[in-house]
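S.K.: Below are the chains, spelled out letter by letter.
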Amino acid sequence: MRTAYRTGDARVLRDVAAIGAAMLAVGASFGAVAVAAGLPAWATLAMSVLVYAGGAQFMAVGLIAAGSPLAAVLAGLLLNARHLPFGLALGGAMGSRRRQRLLGSHLMTDEATAFALARPAGPGRRRAFWLAGVLLFLAWNAGTGLGVLAGGAVGDPAALGLDAAFPAGLAALLLPSLRDRETRGVALAGAGLAVLATPLLPAGLPVLLALAALVLPLLSRRRSTGGPGDPGAAPDDPGGGGSADGDGAGRVVRAGEVPC
Amino acid sequence: MLIAVILALAAGTYGFRVAGVLLRDRLDLPEWSRHLLPVGAAALLAALAATATLTEAGGFAGYARPAGVLVGLLLAWRRAPFVLIVVAAAGTTALLRLLGVA
Chain Z
1 MRTAYRTGDA RVLRDVAAIG AAMLAVGASF GAVAVAAGLP AWATLAMSVL
51 VYAGGAQFMA VGLIAAGSPL AAVLAGLLLN ARHLPFGLAL GGAMGSRRRQ
101 RLLGSHLMTD EATAFALARP AGPGRRRAFW LAGVLLFLAW NAGTGLGVLA
151 GGAVGDPAAL GLDAAFPAGL AALLLPSLRD RETRGVALAG AGLAVLATPL
201 LPAGLPVLLA LAALVLPLLS RRRSTGGPGD PGAAPDDPGG GGSADGDGAG
251 RVVRAGEVPC
Chain C
1 MLIAVILALA AGTYGFRVAG VLLRDRLDLP EWSRHLLPVG AAALLAALAA
51 TATLTEAGGF AGYARPAGVL VGLLLAWRRA PFVLIVVAAA GTTALLRLLG
101 VA
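Protein sequence lines, in the order shown, are assigned to chains Z and C.
Okay, so the first sequence: first residue is 1 according to the numbering used here, each after it adds one.
Okay, so the second sequence: first residue is 1 according to the numbering used here, each after it adds one.
Extracted from the complex, chain Z is given alone in its bound form (with noise of 0.2 Å):
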């Protein structure tokens, strides 16, 4: 048991790492980028450890550069909204003490998001969460550091393919889950829900908007289960034991299954 608990965190180790090593690239020209814009080092290596979203951080420097520092934060938040729905669905990955998830919070990002939840939920769930967000925090900031020093001297991330690696790495995370029939017809009608409103919404809301694909399963389930007055539909009785609930815990595990 603990050997192969062992084998499945080295795994994750090493996957993070190849993660870690195309954020600390990017890091670097986010560095680099930040400080030809004007910003200095100190703005630069501030924004990396307290905001740590390099989306919204590339997003803030443009915008500061163009002079309009209100937009830098309305526009960096909005992109940054999507935090929240993640966090509820971690939940108690992070630990059960309240120290662990004020810190663990902060390390949250899309990746550490999906190397956590592409584990089933317990204690290796919340092993892969803390080795993604760590190890990534470290990355993006030692990438950071590193490009501020080197600044024009580093690389075009998009001449190695870096933006190829971050969803595809995202999209191979998210795989095993999708042979749930559910959570497959949920994410794909989102994704393609997102991709046709990015043409037309400020950055941020098309992601959000996949969340409007959840009215599916609520709409099979209130056809199943023949509307909202049928008690079928809200199972809350607080022992948790009936057939309802029971089918509904399998599917948060099925969710969060590995292949492996």
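FYI, nobody ran anything at the bench for these hints, they're computed from the structure.
A few of these clues could be false.
Only some residues are given here: those of chain C computed to face chain Z with a beta carbon under 8 Å [what the hints assert, rightly or not]: (1) P38; (2) L44; (3) L48; (4) A76; (5) G91; (6) T92; (7) T93; (8) L99; (9) G100; (10) A102.
Now the stretches of chain C that chain Z is said to cover, found in silico as 3 or more residues with beta-carbon under 8 Å [claimed, not checked]: (11) 11-23; (12) 79-86.
Ideal placement from N, C-alpha and C gives every residue a C-beta, glycine not left out.
Starting from the structure of chain Z, add chain C where the hints point.
M.R.: Chain C only, in chain Z's frame:
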């Protein structure tokens, strides 16, 4: 001014992050809706992956990037190691750009 922008962005971002984590315990969700939380997270991650693959600044991202992601997806489908998936996706895109594909 600059420090106010950074602090506001940092506080707001942390607020979103911590709100979801702390709300999870306070929110008394019925069991049937609780299982939708990971499904919703999967939809958000899929949307992030799809928009990051296909779009750049509201427009089409060009062919090199989706081609790289597609190679990564095929490898993931065949259960290739994660490191290989990531490296192959980046390598394909980098190679296509080297060859002049946008």
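S.K.: Confirm or reject each hint.
M.R.: Results for each hint:
For P38 of chain C, the suggested interface contact is upheld, since its CB lies about 4 Å from the closest CB of chain Z, less than 8 Å. Taking 8 Å as the C-beta contact cut-off toward chain Z, the hint placing L44 of chain C at the interface holds, the least distance being around 5 Å. Satisfaction of the interface hint for L48 of chain C is found here, the shortest Cβ-Cβ separation to chain Z being roughly 6 Å, below the 8 Å cut-off. The criterion of a C-beta within 8 Å of any C-beta in chain Z is met by A76 of chain C, whose closest approach is roughly 4 Å, and the hint holds.
Checking G91 of chain C against chain Z: minimum C-beta separation of about 6 Å stays under 8 Å; hint holds. Interface restraint check: T92 of chain C against chain Z, minimum CB-CB distance 7 Å, threshold 8 Å, status holds. Given the 8 Å rule on beta carbons, the hint for T93 of chain C holds: about 3 Å separates it from the nearest Cβ of chain Z. Taking 8 Å as the C-beta cut-off, the interface hint given for L99 of chain C is violated, the closest approach to chain Z being about 12 Å.
At its closest, the beta carbon of G100 of chain C sits 13 Å from a beta carbon of chain Z; the interface hint therefore is violated under the 8 Å criterion. For A102 of chain C, the shortest C-beta to C-beta distance to chain Z is roughly 10 Å, which exceeds 8 Å, and the interface hint is violated. Interface restraint, the region 11-23 of chain C with chain Z: holds (11 residues with C-beta to C-beta distance below 8 Å; minimum three). A stretch counts as covered by a chain when three or more of its residues have a beta carbon under 8 Å from one of that chain; for the region 79-86 of chain C and chain Z the count is 5, and the coverage holds.
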